[in-house]
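**Q** Each chain, letter by letter, is given below.
2 protein chains.
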Amino acid sequence: MKKSSRTQGSRYYPKRYDFDPAQRNAILDEGLVCHVSFVVENQPFIIPTGYCRVDDVLYLHGSVGSHFFMQMAKGIPVCVAVTLLDGLVLARTVFDHSMNYRSVVAFGKTRLVESDEERWLAAERFTEHVIPGRWEEAGKPTKSDMKKTMFIAVEVEEWSVKFRSHGVSDDPENMGLEVWAGVLPLKQVPQAPEADEEGVKGIPVPDYVLNYKRG
Amino acid sequence: MKKSSRTQGSRYYPKRYDFDPAQRNAILDEGLVCHVSFVVENQPFIIPTGYCRVDDVLYLHGSVGSHFFMQMAKGIPVCVAVTLLDGLVLARTVFDHSMNYRSVVAFGKTRLVESDEERWLAAERFTEHVIPGRWEEAGKPTKSDMKKTMFIAVEVEEWSVKFRSHGVSDDPENMGLEVWAGVLPLKQVPQAPEADEEGVKGIPVPDYVLNYKRG
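Chain order of the listed sequences is A and B. 14 is the number of the first residue of the first sequence in the working numbering; add one for each residue after it. 14 is the number of the first residue of the second sequence in the working numbering; add one for each residue after it.
Check each hint, because a few of them may be wrong.
Treat identical chains as interchangeable: a pair holds within one or across any two.
Said to hold, decoys possible - Below, in silico cross-link-like pairs of lysine-lysine (BS3-like), each with a Cα-Cα straight-line distance of 30 Å or less:
#, residue 1, residue 2
1, K200, K160
2, K122, K156
3, K200, K214
4, K200, K226
5, K160, K87
6, K122, K214
7, K87, K226
8, K122, K87
9, K153, K226
10, K161, K87
If you are wondering where the hints come from, they were derived from the structure by calculation, not from laboratory data. Note that this is a predicted model, so its numbers are computed, not measured.
Go ahead and model the full structure; you've got the sequences and the hints to work with.
**A** Next up, the structure:
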């Protein structure tokens, strides 16, 4: 686990930096969307997209016709961020307001996944990352589906894990202010499933949909 | 509203691209965290951070001691993304799975905010963006608080708004599969407020905390 000027925080927040791989994996496995940045002629770009993790590798997938994926197929430096927002920290003064969050930022290089074995592994793990139980049940990709799909591995060279998870930190001189202070937790909550009304009738909603949760 | 190779989708998804400023503003005003990318020596970086919108300008703020903010104070090209995840689209086949989301990607240049008037406007709008009603009630920033805080305006040159908001789109030949299909909506939901136990006792939870919602 290297630290460098890319991943060392510019100010030392001992509570906010952490490089424990288990915590990093927990954040990556809970997140659903990542933001990928890359550079074209000194211009930064960001694309929000799905992802999955297999050990220390992040996988992305997209259409073989996507310009973004064609860029990544060449092997380019990327930065990938996954951020989970956990709550609003409402201090007695505006200045001490904050947010609770957990984030992973990964620096690495893209690699086009070429072997069938790794492509199928990525396809399965992608599906299971988003909704465990779905791969077994849904129709598997056909040869034609797989031909249309590009898988990119991000070989991560450096990770940064940053978080804030504690309560309000007001300055002592502000503790007498008559202002409500506390944390308002935020959570990504599944709502009632909306069944598609076409196709075969009477299929019950699977347990893995009814009981879906992250983290 | 310019379109260029930066903001034109590489494939034409009429349902997914849109440049309506009202929709763009709604996404920006609902989001709480943005991802900012910038380039240092051809290396892309991403920082997740808070933001607010004032008309067509995005504001960021951070510590005057932050390396990231010191970079941005120089006036550098950035890409800023705000992504809202609305649901999982569970098709009959793995290949047709998708996500419903709304995202804004902005390309622009950073500008150090120097005038007191604009700095105070940004401070107020930042607070009100996160939790409307809070600015009036919480202790205002002191001169010293403001000295420690850098405000950066992102002067946006181009916007891209992308979304998916419809149901399952399975290929006709897969409609006979006996697989449950539908959308599992996801929503960022506030949980019970956790009051700070220090300080003045007996302050009721404000309505703007109890009834907090986004969008």
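**Q** None of the hints should be skipped; say for each whether it holds.
**A** Cross-check of the supplied hints:
| no. | hint | verdict |
| --- | --- | --- |
| 1 | K200 - K160 | neither (37 Å within a copy, 34 Å between copies) |
| 2 | K122 - K156 | within (28 Å within a copy, 44 Å between copies) |
| 3 | K200 - K214 | between (33 Å within a copy, 27 Å between copies) |
| 4 | K200 - K226 | both (10 Å within a copy, 12 Å between copies) |
| 5 | K160 - K87 | within (18 Å within a copy, 45 Å between copies) |
| 6 | K122 - K214 | neither (46 Å within a copy, 53 Å between copies) |
| 7 | K87 - K226 | neither (36 Å within a copy, 43 Å between copies) |
| 8 | K122 - K87 | both (10 Å within a copy, 28 Å between copies) |
| 9 | K153 - K226 | within (23 Å within a copy, 39 Å between copies) |
| 10 | K161 - K87 | within (17 Å within a copy, 43 Å between copies) |
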